[in-house]
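> Spelled out, the chains give:
Number of protein chains: 2
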Amino acid sequence: MRPPAQNAELALLLEVAGTPKPGNVDRRRDLEELRFEHFLAGAVGARDGLEMAADGASVGAAFERAVGGMAAQGGDNTQFGALLLLVPLVRAARNELSQPVVESVVEGTTVADAAAFYRAFEHVDVFVSDPPAEMEPLDVRRGSDAVPVLEERGLTLFDVLDRSVPGDDVAREWSHGFERSFLAAQRLADASGTPSERTASVFLSLLADRPDTLVVKRHGEVTAREVTDRAAELHERDALETDPDSVKAFADELVGRGVNPGTTADVTAAGLFIALERECLEI
Amino acid sequence: MRPPAQNAELALLLEVAGTPKPGNVDRRRDLEELRFEHFLAGAVGARDGLEMAADGASVGAAFERAVGGMAAQGGDNTQFGALLLLVPLVRAARNELSQPVVESVVEGTTVADAAAFYRAFEHVDVFVSDPPAEMEPLDVRRGSDAVPVLEERGLTLFDVLDRSVPGDDVAREWSHGFERSFLAAQRLADASGTPSERTASVFLSLLADRPDTLVVKRHGEVTAREVTDRAAELHERDALETDPDSVKAFADELVGRGVNPGTTADVTAAGLFIALERECLEI
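Going line by line, the protein sequences match chains A and B. Residue numbering for the first sequence follows the working numbering, starting at 80 and increasing by one per position. Residue numbering for the second sequence follows the working numbering, starting at 80 and increasing by one per position.
No lab work stands behind these hints: they were computed from the structure. A couple of the hints might just be wrong.
You can't tell identical chains apart in this list, so a pair holds if it fits in one copy or across any two.
[To be verified] Straight line, CA to CA, 25 angstroms or less: simulated DMTMM-like cross-link-like pairs of lysine to aspartate or glutamate:
1. Lys-327 to Asp-308
2. Lys-296 to Glu-358
3. Lys-296 to Asp-322
4. Lys-327 to Glu-186
5. Lys-327 to Glu-231
6. Lys-327 to Glu-258
7. Lys-296 to Asp-317
8. Lys-327 to Glu-276
9. Lys-327 to Asp-241
Only a predicted model underlies this, so the values are computations on that prediction, with no experimental measurement involved.
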């Protein structure tokens, strides 16, 4: 059995290898400024932070280290959201990888974890929306400058992420017991085909479930809803199996429009980690 | 600057991602029993052994650990030869990554390193030829059973590999100052295009230089020479740029015939590591 930090790194690699993943970098697709090898280097760089989580470090410290290592490549942000899911999952796997345990991990985060989370934004350019007025002093783009306000208000990392829901489906996993991550793992277990094919299938099913929140932030609700409806139509008729060309056309179109469903990829990576840990996906 | 163990793992990943690499698994190619994700998991698993080498462990111990981790996936041997090059290179990078330093690393190996090398064969099914009669008690397929004979004859790991030349171009790197690995790095630096394109170009150039010794072992000298001549013809007319379909046809044909130039891939991975360390290939 592969140790948790290795499974987490492998989950990042399997996620980006899965193809086709409409709109995103995959084994057969580079974007103009963001290429496959940036994701490979991002996964390699994240490993030390994932090892810290496996060794029992606090979620914030492990996340900050993972992001710092991930960002040491020329593609900038490749796996920030995925790491925000993987770090608490790896931490939970020290005891037991279940929804209640990972809930207790995230609910146990502290103000210091929140401060580390803010510092992580200094390593990398993450796409975020403007916060509501009362949260403006806690705009993540302030990085460590926001730490005194965090401390003054006594906000833990769980509190910070809880305030980002709705609108951010990575944060939503934190406050909803990682339900979609565990669902993704179950779907990966139930799917057939190679790991790459299963990953593509589960990515499409997740995209069909809910509008991708990164797409909402960048392109608005209407576009995000349209993308989800198209994904649902393809998923319902099992197009990856029966009509792969239509999925490929959808993928080409999203790339052409600059629409990349990054949140869905993050949840897919979390699901891959859980499936690897449970050995219902074997490599 | 990425630390050496990370660069070594990334070199393994970039090697398998480079496409097209005629006859081998690559970003766009799976073989029937050996898939891309086996190489991803192999690289992830090798990391701990590579970290040991970076921390100053002996070459044999680090190699045995790297191979044990690499082999923990369903594709069996993915990167044995590449690790036999990367481990001494990572060890050399502690001081200086140059040909004289890596020569002194391999010449300084001991009988204990040789014993660890033999034990490494117990983790994985490596394709090897029958040894000459006087080396029969030291057939690597004996694994640790051969250790008493090694000790009796006082053979170091350098001695063991030196006796495998000619016939094994990974072993040849050990006794020839890693000349092709450093040459590959220089070619990677001089090449143009994305890392994946450079990797494909350098792989083809190395295949054009010398018959691949894994192909010799599996298919004989005539086939290996023919493959090299074909690669040379494609390389000379810059077919990757000017006539990519002909390279693709060559790749399809080799896969159809079960010809995979694995030694050339091993040297490519070593070159990638050196190029990453020297920052003449940036990701």
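> It remains to establish, for every hint, whether it holds in the given structure.
Hints, verified against the model:
1. Within a single copy, Lys-327 and Asp-308 get their C-alpha atoms as close as 16 angstroms, which meets the 25 angstroms cut-off; across copies the closest is 37 angstroms, which misses it.
2. Proximity of Lys-296 to Glu-358 under the C-alpha cut-off of 25 angstroms is found in neither arrangement, the shortest distances being 35 angstroms within a copy and 36 angstroms between copies.
3. In the homo-oligomer, the alpha carbons of Lys-296 and Asp-322 never lie at most 25 angstroms apart, since the shortest distance is 30 angstroms inside one protomer and 42 angstroms across protomers.
4. In this assembly of identical chains, Lys-327 and Glu-186 lie within 25 angstroms of each other by CA distance neither inside one copy nor across copies; the values are 41 angstroms within and 53 angstroms between.
5. Proximity of Lys-327 and Glu-231 under a CA criterion of 25 angstroms is satisfied in neither setting, with 50 angstroms inside one chain copy and 62 angstroms between copies.
6. For the identical chains of this complex, Lys-327 and Glu-258 are neighbours neither inside a copy (29 angstroms) nor across copies (44 angstroms), given an alpha-carbon limit of 25 angstroms.
7. In this assembly of identical chains, Lys-296 and Asp-317 lie within 25 angstroms of each other by CA distance neither inside one copy nor across copies; the values are 28 angstroms within and 45 angstroms between.
8. Proximity of Lys-327 to Glu-276 under the C-alpha cut-off of 25 angstroms is found in both arrangements, the shortest distances being 14 angstroms within a copy and 23 angstroms between copies.
9. Within a single copy, Lys-327 and Asp-241 get their C-alpha atoms no closer than 36 angstroms, and across copies no closer than 51 angstroms, so neither meets the 25 angstroms cut-off.
Checked against the numbered hints given earlier, this structure breaks hints 2, 3, 4, 5, 6, 7 and 9; the rest are met.
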